[in-house]
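Participant: Build the full structure now, drawing on both the sequences and the hints.
Number of protein chains: 2
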Amino acid sequence: MDLLDPEEFRRQGHLVIDFIADYYNSIEKYPVLSQVEPGYLPKILPQSAPYTPEPIETILQDVQKHILPGITHWQSPNYFAYFPSSGSTAGFLGEVLSAGFNVVGFNWMSSPAATELESIVMDWLGQMLNLPKSFLFSGTGGGVLQGTTCEAILCTLVAARDQMLHQTGRQNVNQLVVYASDQTHSALQKAAKIAGILPQNIRVIKTTKATSFALSPDSLRMAICSDVKSGLVPLFLCATVGTTSTTAVDPLKELCNVAAEYGIWVHVDAAYAGSSCICPEFRHFIDGVEGANSFSFNAHKWFFTTLDCCCLWVKDPRALTKSLGTHPEFLRNKTTGSKEVVDYKDWQIALSRRFRSLKLWLVIRSYGVNNLRIFLRNHVEMAKIFEELVASDHRFEVVVPRNFAMVCFRALALPKVEMVYRNGFNITEMISADDKRRNELNRELLERINKSGNLYMTHAVVGGIYMLRFAVGASLTEDRHVFLAWKVVQEHLDAILEDMGFNG
Amino acid sequence: MDLLDPEEFRRQGHLVIDFIADYYNSIEKYPVLSQVEPGYLPKILPQSAPYTPEPIETILQDVQKHILPGITHWQSPNYFAYFPSSGSTAGFLGEVLSAGFNVVGFNWMSSPAATELESIVMDWLGQMLNLPKSFLFSGTGGGVLQGTTCEAILCTLVAARDQMLHQTGRQNVNQLVVYASDQTHSALQKAAKIAGILPQNIRVIKTTKATSFALSPDSLRMAICSDVKSGLVPLFLCATVGTTSTTAVDPLKELCNVAAEYGIWVHVDAAYAGSSCICPEFRHFIDGVEGANSFSFNAHKWFFTTLDCCCLWVKDPRALTKSLGTHPEFLRNKTTGSKEVVDYKDWQIALSRRFRSLKLWLVIRSYGVNNLRIFLRNHVEMAKIFEELVASDHRFEVVVPRNFAMVCFRALALPKVEMVYRNGFNITEMISADDKRRNELNRELLERINKSGNLYMTHAVVGGIYMLRFAVGASLTEDRHVFLAWKVVQEHLDAILEDMGFNG
Chain A
25 MDLLDPEEFR RQGHLVIDFI ADYYNSIEKY PVLSQVEPGY LPKILPQSAP YTPEPIETIL
85 QDVQKHILPG ITHWQSPNYF AYFPSSGSTA GFLGEVLSAG FNVVGFNWMS SPAATELESI
145 VMDWLGQMLN LPKSFLFSGT GGGVLQGTTC EAILCTLVAA RDQMLHQTGR QNVNQLVVYA
205 SDQTHSALQK AAKIAGILPQ NIRVIKTTKA TSFALSPDSL RMAICSDVKS GLVPLFLCAT
265 VGTTSTTAVD PLKELCNVAA EYGIWVHVDA AYAGSSCICP EFRHFIDGVE GANSFSFNAH
325 KWFFTTLDCC CLWVKDPRAL TKSLGTHPEF LRNKTTGSKE VVDYKDWQIA LSRRFRSLKL
385 WLVIRSYGVN NLRIFLRNHV EMAKIFEELV ASDHRFEVVV PRNFAMVCFR ALALPKVEMV
445 YRNGFNITEM ISADDKRRNE LNRELLERIN KSGNLYMTHA VVGGIYMLRF AVGASLTEDR
505 HVFLAWKVVQ EHLDAILEDM GFNG
Chain B
25 MDLLDPEEFR RQGHLVIDFI ADYYNSIEKY PVLSQVEPGY LPKILPQSAP YTPEPIETIL
85 QDVQKHILPG ITHWQSPNYF AYFPSSGSTA GFLGEVLSAG FNVVGFNWMS SPAATELESI
145 VMDWLGQMLN LPKSFLFSGT GGGVLQGTTC EAILCTLVAA RDQMLHQTGR QNVNQLVVYA
205 SDQTHSALQK AAKIAGILPQ NIRVIKTTKA TSFALSPDSL RMAICSDVKS GLVPLFLCAT
265 VGTTSTTAVD PLKELCNVAA EYGIWVHVDA AYAGSSCICP EFRHFIDGVE GANSFSFNAH
325 KWFFTTLDCC CLWVKDPRAL TKSLGTHPEF LRNKTTGSKE VVDYKDWQIA LSRRFRSLKL
385 WLVIRSYGVN NLRIFLRNHV EMAKIFEELV ASDHRFEVVV PRNFAMVCFR ALALPKVEMV
445 YRNGFNITEM ISADDKRRNE LNRELLERIN KSGNLYMTHA VVGGIYMLRF AVGASLTEDR
505 HVFLAWKVVQ EHLDAILEDM GFNG
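Line by line, the protein sequences are chains A and B.
Take the first sequence: its letter number 214 is residue 238 in this note's numbering, and every next letter is one higher.
Take the second sequence: its letter number 187 is residue 211 in this note's numbering, and every next letter is one higher.
These are calculated hints, taken from the structure and not from any lab test.
Don't take every hint at face value.
Repeated chains share a single entry, so a pair holds when one copy, or any two copies, can fit it.
[Stated by the list, open to error] Below, simulated DSS-like cross-link-like pairs (lysine-lysine); rule was C-alpha separation at most 25 Å, straight line:
{"no.": "1", "residue 1": "Lys358", "residue 2": "Lys346"}
{"no.": "2", "residue 1": "Lys475", "residue 2": "Lys89"}
{"no.": "3", "residue 1": "Lys460", "residue 2": "Lys230"}
{"no.": "4", "residue 1": "Lys157", "residue 2": "Lys67"}
{"no.": "5", "residue 1": "Lys475", "residue 2": "Lys358"}
{"no.": "6", "residue 1": "Lys358", "residue 2": "Lys460"}
{"no.": "7", "residue 1": "Lys157", "residue 2": "Lys363"}
{"no.": "8", "residue 1": "Lys339", "residue 2": "Lys67"}
{"no.": "9", "residue 1": "Lys346", "residue 2": "Lys157"}
{"no.": "10", "residue 1": "Lys358", "residue 2": "Lys67"}
{"no.": "11", "residue 1": "Lys475", "residue 2": "Lys363"}
Facilitator: Here is the structure:
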């Protein structure tokens, strides 16, 4: 039995490619959200590893029979939950090539192509986003592929921390303060905890509906001033372009101006929305990025690149490498010594790293900038369709303005107007009825929709309002899926209202 | 143009599988260590992204022409550098399936199969390693797949740190001390820096040739006592089974006993050598692991699983989840609330995670425990062959005892005995000639060998001795490659001696 016999590899590889192609062909027949109960798999699989080999055909049968029912189908065209993990043939094939070569590109020498292609592709992408030269290798900065935004934030935060402590002394770590809004991703909290920032020094600044839940520069300034007065040291701001709950956009320019006065490192987390900024009409969302220290977005979210692939650019790579660099003897080599090359191990948490740039390279080349823009615009257009459908039904409302391809909406629980009157309610009163009951209604609505298996959405609670998030971005989604989704939403509201006694 | 058309996916998928199979078929024709110069790729590729799409056939031609020359061929049978990244058809196919489904398994609900299969496979593997029940889900602990050992160490260190600071107060972070030997992987230093441990509180305890560069429990105790006297707080010990430089094995039992007296968290880093412990005859190397708090090994090193896949077990998962848990509203769901399920996002740095357990599952099922042991034993046997070849040539020596499938050796620079006399040297003097000159010789020897492209080895410097590391573990390596490698080593020494004037 051979581990890597080329002909057996070829035979089994073709089987698995066909298995996945067949899966995509039939993906709509599965409930989008897995319907299994906790503990379903241990009941099926053996309790210990097999002693003797099993053929790939048997294993694939088991994947079909036992694994697929336990999968939530992120690639389904009816997947509208969280943010998309938009796959593509090119992104997939890049991952496959990378797995086939299976090189460990920790430094330049361990596989020069892995390093150089990454630098090239990060410059390509940076140009596509119209990032200032100060973030590009062709300028004075540079880009690196991380696994996730969590890692990107942790790396930049540690760089900022060490830069500051180098000036003020290590013993002052407990004075450092990190700033975010109440809409910032939990990744920031986690990164700050890992980096040893005191929990009470993580400022979570309140946002309001008045600013569409964007962080207000005035609120930031007030928080900073108060900390400075208390003898604390402002360190790091995580600004967001496209927040997780509602795709809110923090005003980068104004925030960076405030931060600059206090020498704060600004990281811009555009995990979801960053990719859309390759379209000229959306580029304004990152206006002001030139004032930030670092910028990241997830190509594995809405850029057709298989998980995981977070693109991070920094203005000052040396800040990263000073904090994260290691120089063990067993990795010494002439090119590293010459300082002519990038050793990406010093730009990230881990030593080992996969050849991730291959998948980005394949995505960009296989589709070209023009098609990539078209794909993104199509998703935004589909979200607009959904938004209009919501607006056309007076029983629903769009809760916050739509910025990208995600619509935040909720049922207002209005039965038909006639019924409201018949039941002695005033419509206006009903609309302003307490949000608690509305929240319960929408929770119930979402649960029924997801249980149906017809589509999958998730929720957010912002400003006390429970809302449904309809995030377009799965690569197989077409207009018809959006119309169908809306029909499902309406039908489930009908059913709930009927159950509540508003059955006409 | 479609992003994910199933039939186009199928067509292109088959092309790429054939491309990789052909690559494996012809892998021996490439120089193992890439011979390109820094900056080779920017000279070839365009400076900006293409506006229009390019066919996969063109891209694959470019991979062949431009990427392959820049790859160091980790899958080559003549690859003996660092530690192996031993690929396999099964490990590759698991990665491919995972990329095909492209689910984001941060919590149970986002894809129950991803979570449950991971827990099952980690218990399988734990049993294969004969880990105590206290590390398994079927006992009182649990296992999780991390990307790399660096992440595993950082996560456990942060858990240990927070547990300690919870007792002593957050302000005491600057008192915490982390222990390692001078052979411990640089991952520990990096993790400690990221976690905010003061650089001067990272104890790097010296090892010596007398203990084959294993950490001495007495030295550990002395270091701890000295710190305690200074009012510092001992926190964390990273013990290693199979160090990077020489595969030294720290005595776990004794070290854990010392650590237990002081309430120190012990992490066992068996990144490279852990997998071999599924063979009963090697299991003794991790005897004493029952006294540790956590244990990890890299399935992507020597367990035939595509990069990245680090297996981490902890006795107290709650210590991890207390430090790394986040509970944002947008991820709330019934199963998480019920606490019946594992949400692996709280066991790691990142939120997002790939379906990594698929590849481990495929490796274990496709080969079975019996074959996996045979593969590992074969590699050890091949290392033994090489060790004997080295020992049979009096111009070389094996520098430290071989534990696993890696041989540390060096040239002693002895020309033929007759020549020594002719040149007026005494053999004994020559053998004890100063190591500096020997080190230079071996550096030169390694550089010439790697430049030949016939094989690739790397070096280590331990106890002042520069040595060549011959690490067997590439999945395509057979006995003949080992014999050939030895021939290449001998020939290059011959050539050097000739250049030095010892040309008989």
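Participant: So, for every hint listed, does it hold in this structure?
Facilitator: Status of the hints after comparison with the structure:
no.: 1; hint: Lys358 x Lys346; result: within (20 Å within a copy, 44 Å between copies)
no.: 2; hint: Lys475 x Lys89; result: within (20 Å within a copy, 51 Å between copies)
no.: 3; hint: Lys460 x Lys230; result: within (21 Å within a copy, 63 Å between copies)
no.: 4; hint: Lys157 x Lys67; result: between (56 Å within a copy, 20 Å between copies)
no.: 5; hint: Lys475 x Lys358; result: between (59 Å within a copy, 12 Å between copies)
no.: 6; hint: Lys358 x Lys460; result: between (66 Å within a copy, 19 Å between copies)
no.: 7; hint: Lys157 x Lys363; result: within (21 Å within a copy, 48 Å between copies)
no.: 8; hint: Lys339 x Lys67; result: between (52 Å within a copy, 24 Å between copies)
no.: 9; hint: Lys346 x Lys157; result: within (22 Å within a copy, 41 Å between copies)
no.: 10; hint: Lys358 x Lys67; result: between (55 Å within a copy, 21 Å between copies)
no.: 11; hint: Lys475 x Lys363; result: between (57 Å within a copy, 20 Å between copies)
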